[in-house]
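> In order, the protein sequence lines correspond to chains A and B. Position in the first sequence (first residue = 1) + 6 = the working numbering. Position in the second sequence (first residue = 1) + 35 = the working numbering.
Quick caveat, the hints were computed from the structure, so don't treat them as lab data. Take these hints with a grain of salt, some might be off.
Unchecked claim - Heads up, simulated EDC-like pairs for lysine to aspartate or glutamate below, C-alpha to C-alpha not over 16 Å straight-line:
| hint | chain 1 | residue 1 | chain 2 | residue 2 |
| --- | --- | --- | --- | --- |
| 1 | B | Lys91 | B | Asp58 |
| 2 | A | Lys304 | B | Glu129 |
| 3 | B | Lys91 | B | Asp45 |
| 4 | B | Lys153 | B | Glu133 |
| 5 | B | Lys38 | B | Glu65 |
| 6 | B | Lys153 | A | Asp184 |
As the list claims (entries may be wrong) - Covered stretches of chain B, as calculated for chain A (at least 3 residues, CB under 8 Å):
| hint | region |
| --- | --- |
| 7 | 106-120 |
| 8 | 127-140 |
| 9 | 189-203 |
Glycine included, every Cβ here is placed at the ideal spot set by N, Cα and C.
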Amino acid sequence: MRINLLLAAIIAFVVLAAGSVILPDWAMFLFAMALAKGLVCLGIVGMMRGGVVSFGQGLYYCLGAYTATLVANTFGVSDIFLLTLLSSAVCLLVGMAFGPLLSSYRGIFFAMLSLALSMVLYGSLSKMSFIGGTDGLNIAAPTFLGWAPEGRALQMALYIYVVAIVVIAGVLMRIYFDSERGLLTLATRDNELRVEYLGASVRNVMTYNYVFGAVLGGIGGTIAALALGHVDPEFAFWTTSGEFVFVAILAGSLSVPSVFVAAIILELVRSFSNLYFPNTWQLALGLFLLAVIIVLPKGLGSLVSRRKGNPA
Amino acid sequence: MNKAVLEVRDLQKTFGAVTAAQDISVTVPEGAVYSLIGSNGAGKTTFVNMVTGYIKPDSGTINFGNRNIAGMAPRQITRLGIHRSFQIAQLCAELTVEENMLVADAIHGHPGPSFLRKAHNAEARERALATLERFHIAEHRDRLVPELSGGVKKLLDIAMAMAGETQIMMLDEPTSGVAADEKFPIMDLVMDALRSAGVTVIFVEHDMDIVTRYSERVLAFYDGRIIADDAPDEVLSDPEVQRYVTGAPA
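Chain B extracted, bound-state conformation (with noise of 0.2 Å):
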């Protein structure tokens, strides 16, 4: 087993009266496929929520390379390497896909976007036209965000989040709005990238099939706790999941 790259601990959040996380532990090592599975509600987006800082933890620890990331701000969590794409893909809908590319390439740029420097200069656009063509998108580059398909959002919104230097992936159910044909390509494309890079993935998914054949480990939540942790296999046969979360016969 590789050595962890994320350690969450204790971690508990509390809405009002809503318990949205209590007791959530979890060590996930370095390029490991997670997937959160659950019923809405059970806590797995504010899980993602929390250790991307979109949330502040009411309390406990969210150890990456050997810092307590809990509460920081979202854009320092992005820094440190810790990347997420949205359930609805969160893009810049009235720039091109190659500008929302650009947009990227200039923070993730050294050393930081320029007053000076061309958003539109040859280096960044052979960079963007290059990620584009890793997702399969950049016949699409002239065009504007809403012109886009369900999927192909989905994809430029992953690149985005690709251009920095990513050592954990978070997908908030990255083939949620996409065409039933499109989603095994989608995934497909975007695991490929992603383990090319060696990247840590975590992603969100309602969708069975899609839990068992990219993950290597599931998370089942259930009303804010971690009901299960273990492979896909076990996890999906596992008689509190059946009832809380697949909805499985038992």
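Same shape as in the complex, but just chain A (with noise of 0.2 Å):
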């Protein structure tokens, strides 16, 4: 089974991939976008799927944006395997910190410390002028093993890096939601008790699932920020938060593929009517959102799983 596996992960990336090739500018960049935050978003999925939902998510997309800004800009490193390497560690490492003490909560609570912790950074790098305070920084565009690619071919370049990562993240979180562990964590969503009377660690469980998490949220704001070539504190502010959680409800825990479906048609649904309706655009996407709660409460992943049983 693990040979589909590879199979569609390799269909993917060259479908994907392909985007580079027809894709004008303009959407080549939104898709990386829609890409990289997808990552995050999978990382609130996992989290789902053991019956919490991260409000703070923005959190390690600040974090990993803002540590690859960072070292890009002090240390003059501008490789992008570095730079993902360095922000993604420095996003375990927090992740390790914060996760024993979030894994001891449930529902609103974990929800709302969270979402604290990703506002107490949010105030932080607001008032730390040295970086830019609201203004946030620049970051240099990226190199590849020594490569400086310019115009195009760097836009090309890094939308084949965001699927490459996207596809190998991908592979990974399926392999991990198939295995022991992750049938572990469905056990935990629906009774904890149970699962500590088996004798399995519940918070070892839920600590797993936040540190993925945190890893997958530096990963995608590493990208982010390199896509966009800029950096602020709004990466950790709760609306950006509130997009992923958004994208997570949209997917629905059933599929790792549905999450970058949602997150690319929530970056279309915003571009599109932000550019038709520029002062309703909120209202459009409510009303999106609504529409697919209603008509898929398990989200979109529900149009294609098998499973029996609401993982979602």
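Combine the two chains into a complex, taking the hints into account.
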């Protein structure tokens, strides 16, 4: 069955990477941003499978973006692989610090605590004028193992890099969701008492999911910062985190590809409604989410999943 | 008499002004079948909860395998070999019967649940199926928990608890919520499975027919104390037990 997953991953990579040739610049940028944000949302979906929703994933999105920017600006590191590695390592460490704390909470308390942490970062960054304050910082275009493309070539390289990361992350998360640990996460969501009385630690399950979410958030933030060429504290603002939750609900937790499809749909709906209804695009977005919740309560993933039950 | 597998000494527990357990001392030999009887609030489930870590006793010791397990977390006690089922079956409602068993199998497998190994791998499914067959519920394996009868839920709850290396099984009212005609067949199944595995059994029960039929020794609880600890016939004919527990005429 893993061969099927590998084949699906190769096909997904080829199809998505073909976009670098077919898509116009604006669409390639939009897709790259959507896929980067999709990575963050994939982390939320991992937590949702355990029964909690983080309303503060902007924390890691922002942390990843600022880590990459500060490392690039301070040490002159421009290699995208190194920047991604460093920022995900920082998010891993921060996730490991906060994960055990947050894993004791459920429901609205988990959501609000995670939101509080992201707002602390937002508030702190806004006051730190030496790293740009509310204006944020610019980051130079990345290099790819010494290669420094420019213009459309840069955009294509960045897009293909995002696609590769998305496919790798998607495969790893699919393997995790299908694994014994993945099933344990679903069991934890259903009945923590039973899981504890079978001899497993519910806190560990929650902590792992939180840390995975942190790393994915950091990678997503790094890619977004490099695509935009700029970071600011808005990356950690609650509306940014809200967008991630929006995508996670839209996608549901049944299917990994649906997370990225939902992220792309959100970006498209937002871009076009912003273009055609500049003053009411949030209304259009809200109506869209309402329609999805009514028609597909388990999310887009329920269109393709054959799974019984409702882990969405 | 076999060597003691569980030794409880002077266990005390109060909840505010209510004394839920006072001076509870019991020695349970290996392989024995004990039943706990008493009216509601007598302290039976509190006793089970203290032994299995759900409630921390105020004082006293619970020795299991040369370790005092009083106050340890449920998962630590479970890993040592004391497993339990619940009065209301504790199952994962959005998983199928087979997946519930796979969860138990994954937790008890070596070296523990994996991030890479598929939950639905062939070996695990075979083990899950064997356990479900042992409890005669294999035909339900693809059904979700809410679709099951009370009896099947109870059996699944116990089957999951049996997935690990069980030394002591504590069953909290194994036949509550089960249709009257299913009680004895279910208890036969459960006790056969537990006895054949050499597991020591301690079960809470209100049905005296089940108590007399399946237990070797009975602990009668009243007001947080053990008022009788003997063979079933002796305990059930005890005037104090008849007065406070069974309600039968002395």
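> For every hint, state whether the structure bears it out.
Quick rundown of the hints versus the structure:
1. B/Lys91 x B/Asp58: Roughly 15 Å separates the two Cα atoms, so the pair holds.
2. A/Lys304 x B/Glu129: At roughly 13 Å apart (the allowed maximum being 16 Å), B/Glu129 and A/Lys304 satisfy the hint.
3. B/Lys91 x B/Asp45: With a Cα-Cα distance of about 14 Å, the restraint between B/Lys91 and B/Asp45 holds, given a limit of 16 Å.
4. B/Lys153 x B/Glu133: 14 Å, holds
5. B/Lys38 x B/Glu65: 6 Å, holds
6. B/Lys153 x A/Asp184: Holds, at roughly 6 Å.
7. 106-120: holds (count 7)
8. 127-140: With 10 residues closer than 8 Å to chain A, the region 127-140 of chain B meets the three-residue bar; holds.
9. 189-203: holds (count 4)
Hint check: no violations occur; every hint is consistent with the structure.
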